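Chains as they are written, first to last, in the working numbering: chain A, 1 to 296; chain B, 1001 to 1367.
Treat the hints as calculated values from the structure; they're not laboratory data. Everything numeric in this text was worked out from a predicted model, so none of it was measured. Where is the CB? At the ideal position from N, CA and C, for every residue including glycine. It is possible that part of the hints are untrue.
Said to hold, decoys possible - Sample of chain B residues facing chain A (criterion: CB under 8 Å; computed from the structure):
(1) G1055
(2) R1114
(3) I1122
(4) L1125
(5) L1266
(6) V1270
(7) L1274
(8) I1320
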Amino acid sequence: MSTFVELVVNGVSVGAVYALIALGFVIIFKATEVVNFAHASLLLVGGYVTAVLHDDIGFLPALGAGIGTAALAGALIEVLVLRRARVENHAVLAIVTIGVDIMMTTELTRRIGTEVLSLGDPWQSRIVTIGGVGIAETRIAALAVASLLITAFLLAFRYTPWGVAMRAAAEDGEAAALMGIRLTRVSLGAWAVAGALAAVAALFLTVFPTPGLDRSTSFAAMKAFPAAILGGLDSTTGALAGGLIVGLTESLVTGYQGQLDFMGRGAGDVAPFLVMLLVLLVRPAGLFGTRELSRV
Amino acid sequence: MSDRRWLLPAAAAAATALLLVLPFYLGTFWLQTGLFAMSAAIGAIGLNLLTGATGQLSMGHAFFLAVGAYGYVYLASDSGPHLSGLGLPTPLAFLGAIVLAGVAGGLFSPIAGRLRGTYLGIASLALIFIGQHVLFNAESVTGGFNGRDVPPLELFGLRFDDSPELVVLNVPLGALERLWFLGVALLVPAVWIARGVLRGRPGRALNTIRDHEVAASVMGVPVARYRAGVFTLSSMYAGAAGALLALVFRRTVPDYFGMFLSLDYLAMIVIGGLGTAAGAVAGAVFVSVLPQLLTRFGDDLPLVAAPGSGGVSPAEAARILYGAAVVAVVLFLPGGLAGLWTRLRATASRHRSARPLTRLEQEEQPV
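Produce the complete structure using the sequences and hints provided.
What follows is the structure in structure tokens.
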């Protein structure tokens, strides 16, 4: 029983981190209708900068620098590439972000090489025991920070002028532009926020029990894609639900590996994708995504 | 232009003839590079039908290449103590591999038929991860981590291998030379079929689905069926490419068929030009020849260091270059390399037709 509780807590905590990544992904999609395949490399940028700087300037400033760099990278992609691409077909825009991703990931994995970089987090591998269940401090921190950020984001999305502009632009870009909302600024903001969220997620994807930031981190970040699409690409609630589902599935399947022998080794990495396919079979627009209806 | 109609078939015939003569002159390095390019071209044509012509993004192309490659190996190998196989005649196994890839694509059709564009992109990402998982775990079929040897193809008594020596016109034709002919024999019909599909009724239907789905269905195009159909067709192309690739490599390893391979194929069709067979071929040549060139001539290039020395290795330099090429093509060269060709031709014909308009008398006109 305590294993189960442990797995669920870990799953929820990892799920909250996936939700952070998926949230950024969804924001970009809502604001610009671009599916950002470069998201994993934004995450890698944030993580890498934090890992390199934390020895010299301390953990928190380094994390700040990582978040800032990732936000800047996101903004730069928007200004330098997407704003200039006058393409109607959204599949082509998605492929452009793949091009950006190829460049950034190649350069970053080259710099990381075969090393495993620590991000210098203050929690290390300490474990607290609550009611007979041992939980790593990093997982509690991940859950707390992710929930805080998600709440802050949802509140900002609902009540601040920035959030209103964002929602208006997502609802009807043309009408929003006529009402005086600068769409370029909205999409710039979306990319920067998404980059920042990804950098925070990078921290929690690489702390204990994961050894640290290495070349495979971008693959871990890939699991946020099923999270985003499971919940529905245009729904912030969906990103949260999707993140939790992916986190729980992964944690439980990995934890009960012994009983799930028929699925083979490393099934925990594949299970989220299987769940995504099953959900898409029943609901092609995801759990919370708006079904597209067209009236002719 | 009607009097120039013979030009295109003539050019195609000339290009094919050139391709057939090349193995008599090329060395091993270029033969291998060329074979990679041909296999990539076949796969890229398939992806271009799906992504370029229909606007359906697929990140799962590498999965279908894997189905083709492993399908061939499984069907053609004999059963051993650890590995199972069906031991079919190899040409039959080759066809079987293509059919198998098509079946795999067809099985995905409940999803491929319903999801639009970029949604399908992420959904098909699942195929990569599931595919890798199966390749590593189904050891009796795939050989697991270490992969499996590929039995050489044998067609009408001709073995596509080095062993029975074959000398034509004083040139010894080894495995690579023989496979080169097989590659050409596959590539030519692949281009031809794709052109037929794209120019005919299905092509127009697919383009309409890409441009305006509602309009397409109002005009009577069964959208879901076409989407599933083109997905199946594109996986069959990938299957053929994968089986050819397996024959060239002579060993299949699961690592090769990962996500990067899918991204490579997407880069190919964007760089070459979306929606045409010629574009797919051009992009495939670009993306598969570039790393080979950088590896071969890397010593003479600035900024490129030997692998392992800490600098940018040729393979990495190639990846960064074609990532940049993807971005640059979309920003500055819509239509890709194939589009560039069309534009040059348009400019040329404008020049030609502009000539009589200059203020020259009839007899002063240049001939």
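Going down the list of hints, with the structure as the test:
Hint status for B:G1055 relative to chain A: holds, with the closest Cβ pair at about 5 Å, below 8 Å. Below 8 Å, beta-carbon pairs count as interface contacts, and B:R1114 has one with chain A at about 5 Å; its hint therefore holds. Interface restraint check: B:I1122 against chain A, minimum CB-CB distance 5 Å, threshold 8 Å, status holds. Restraint check, B:L1125 versus chain A: the minimum CB separation of about 6 Å is within 8 Å; hint holds.
For B:L1266, the shortest C-beta to C-beta distance to chain A is roughly 5 Å, which falls under 8 Å, so the interface hint holds. A cut of 8 Å between beta carbons decides the hint on B:V1270: the least distance to chain A is about 5 Å, and the hint holds. This hint holds: B:L1274 has a C-beta 7 Å from the nearest C-beta of chain A, less than the 8 Å allowed. Below 8 Å, beta-carbon pairs count as interface contacts, and B:I1320 has one with chain A at about 5 Å; its hint therefore holds.
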